[in-house]
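Protein chains: 2
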Amino acid sequence: MTSPASPAPRRAAVVGTGLIGGSIGLALRRLGWHVTGHDQDERSASLARQMGAVDEVGIDPAAEITFIATPVRAVAAAARDALGHGPGIVTDVGSVKGSIVEAIDDPRFLGGHPMAGSEQEGVEGADADLFAGAVWVLTPTAATDDATYATLRGVLTELGADVVALAPEHHDALVAVVSHVPHLTAATLMGLADDRSTEHRALLRLAAGGFRDMTRIASGHPGIWPDICAENRSAILDVLDGLVQSLQDVRSVVADGDRAGLLAVLEQARAARANLPSRLAVSGDLREVRIPVPDRPGVLAEVTTLAGTLDVNIADLEIAHSSEGERGVLILLVEEGEAERLRAGLVGHGFRPAVLPLG
Amino acid sequence: MTSPASPAPRRAAVVGTGLIGGSIGLALRRLGWHVTGHDQDERSASLARQMGAVDEVGIDPAAEITFIATPVRAVAAAARDALGHGPGIVTDVGSVKGSIVEAIDDPRFLGGHPMAGSEQEGVEGADADLFAGAVWVLTPTAATDDATYATLRGVLTELGADVVALAPEHHDALVAVVSHVPHLTAATLMGLADDRSTEHRALLRLAAGGFRDMTRIASGHPGIWPDICAENRSAILDVLDGLVQSLQDVRSVVADGDRAGLLAVLEQARAARANLPSRLAVSGDLREVRIPVPDRPGVLAEVTTLAGTLDVNIADLEIAHSSEGERGVLILLVEEGEAERLRAGLVGHGFRPAVLPLG
Chain A
30 MTSPASPAPR RAAVVGTGLI GGSIGLALRR LGWHVTGHDQ DERSASLARQ MGAVDEVGID
90 PAAEITFIAT PVRAVAAAAR DALGHGPGIV TDVGSVKGSI VEAIDDPRFL GGHPMAGSEQ
150 EGVEGADADL FAGAVWVLTP TAATDDATYA TLRGVLTELG ADVVALAPEH HDALVAVVSH
210 VPHLTAATLM GLADDRSTEH RALLRLAAGG FRDMTRIASG HPGIWPDICA ENRSAILDVL
270 DGLVQSLQDV RSVVADGDRA GLLAVLEQAR AARANLPSRL AVSGDLREVR IPVPDRPGVL
330 AEVTTLAGTL DVNIADLEIA HSSEGERGVL ILLVEEGEAE RLRAGLVGHG FRPAVLPLG
Chain B
30 MTSPASPAPR RAAVVGTGLI GGSIGLALRR LGWHVTGHDQ DERSASLARQ MGAVDEVGID
90 PAAEITFIAT PVRAVAAAAR DALGHGPGIV TDVGSVKGSI VEAIDDPRFL GGHPMAGSEQ
150 EGVEGADADL FAGAVWVLTP TAATDDATYA TLRGVLTELG ADVVALAPEH HDALVAVVSH
210 VPHLTAATLM GLADDRSTEH RALLRLAAGG FRDMTRIASG HPGIWPDICA ENRSAILDVL
270 DGLVQSLQDV RSVVADGDRA GLLAVLEQAR AARANLPSRL AVSGDLREVR IPVPDRPGVL
330 AEVTTLAGTL DVNIADLEIA HSSEGERGVL ILLVEEGEAE RLRAGLVGHG FRPAVLPLG
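Just so you know, the protein sequences line up as chains A and B, in that order.
For what it's worth, this note's numbering labels the leading residue of the first sequence as 30, then goes sequentially.
For what it's worth, this note's numbering labels the leading residue of the second sequence as 30, then goes sequentially.
Think of the hints as simulated: they come from the structure by calculation, not from any bench.
All values derive from a computational prediction rather than experimental measurement.
Yeah, the Cβ is synthetic: ideal placement off N, Cα and C, and Gly gets one too.
Check each hint, because a few of them may be wrong.
Stretch-level coverage of chain B by chain A, calculated; a stretch enters the list once three of its residues show a Cβ under 8 Å from a Cβ in chain A [said to hold, decoys possible]:
1) 82 to 89
2) 250 to 264
3) 284 to 297
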């Protein structure tokens, strides 16, 4: 890796120069990085270079970080290739994490998923600001090297992302709820309206803002979904079953003319919608949580995924190794209102954290 | 009614000075109308006057048109009151039309539904431009006076609305698909995510743009929905059943790993989403469709709802009564590409239309 004192730029590689890969390239180059891009579609890689999303086309054995931004089914092979090309960190941006992380057991690999996108596809839609304020999930495991996590986390934070650590399977269960099933539902609603519009031509003319909002994601490219549905099948089926059950409950409420029941459903939804976390939730008041940790693999993954699971936002993270080398201190900065939640969770997991005011 | 030569402003009344009623008031006043407003909540009416949405608070027996913009359950009584106050036209803006139109059998009443709104409520959210480019459904029946329809249509067009005539029951079936069930589905998705977030605190933090789009309408005020669900129950239940069936079909496709089946669902949805009519679809090339009509009640309703059902956009409409008084000619301006569809439909209903180039 490039030493911090060197004037040479930090080097990254992007495999798959589509919308996400291209946006990573643009964002890193804006920060002064040198980015090399590869795509099995040579026109895509060439276009990425013309657009300034990458400096050059090819493979970079000296890349400090390689981002695998291929379709989900191609991630594991591409990641293994990249791990073989050089000593750097390898991460991916796939929408499903369990199967990918399980397939690549390497301390230099760390699964990731930026929760940002667009209905567009291809490098033409790439945007250096795509990740500003967006949640970027990382899925460290006991196999993940601490330095891998800390380095990648730092770079993603520089891209403006809000890094949340989750266990791979936990990530998959959650995105089934907030992404995969909503997408399938949008397509289903749109298809239902389309079917009925053959009988009732005027139907789609009546589609006002609410319907357009609800079906917007159905205008995305279908190509990525067979992989996602295959890789995250059980979580998606579980949530689809929950949705069908809930819709049948709503049907009963409507059929029975149960006004109070209907209001309860809608009031819950309204309150929950109003409470969706804003993209930049960090306030000014932070606390330092110092956690003495044994110097064993997996501690950083355990602590950060615990914070993610507890929805505690980590504003900054530092690992202070002790001089004896057997123990270290993990220092997290978290919001004042979330510090106690994290502290209690850590104690429950056998840690002995201290919460201190900043400064 | 005020004669066209008079310098006195045309007069309208609004009953229910909330978001829609207030927006109608603002839009009409901008066109030079005198608007009187009434609301059972005196503070709301008073606020509407302070905001300039109405000229005065009260009842106007001289109103040329009274807009009933109360909650759905109160429309019928308010409309009957307004019909009793003076000789003017009365219309409403309720989201359900069958039960309302059936309850008010008067040639001066014409049901309506502007397909525009907002998550806001109350006159504070009123906007003179709310109806610009929006579809405004009118539901004329055999009982509707031709002059009532022609006058109201002209005024709504001046507000910028795209007027579509549909039979009341047809309207109700269509809005169940594009409005009522999507709303219930958004609330259900939001509720499902909320339920699971109690177990998984991080869940809602992962909600990115697509989920936010899909659940936006769930942030609207629940108060109007018990009425809507009660008045349009059978159409809503029918569409909910269709949605549940379609979701179960999607579930099978996912469970079976049927990639081609999944792509077919998503491709259909994507194509349909891309083909949603734009809000201002009128092109420059119009045709004149001249339809000799017997001078009997209901002809205008029959012709305009036929056009609405066929999704033929009426850019302008004129009724030329013959001097003998027994017959007249109905002149519609429609887009070139839709003229033949309308002509064929009219022939099928026993009319003898002629399609002419403009000018």
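Hints versus structure:
1. Given a C-beta distance limit of less than 8 Å, the hint that chain A covers the segment 82 to 89 of chain B is violated, as 0 residues qualify and 3 are needed.
2. A count of 8 residues in the segment 250 to 264 of chain B with a Cβ less than 8 Å from any Cβ of chain A is obtained; the coverage claim is therefore met, three being the minimum.
3. Chain A is given as covering the segment 284 to 297 of chain B, and this holds because 9 residues of the stretch bring a CB closer than 8 Å to a CB of that chain, at least three being needed.
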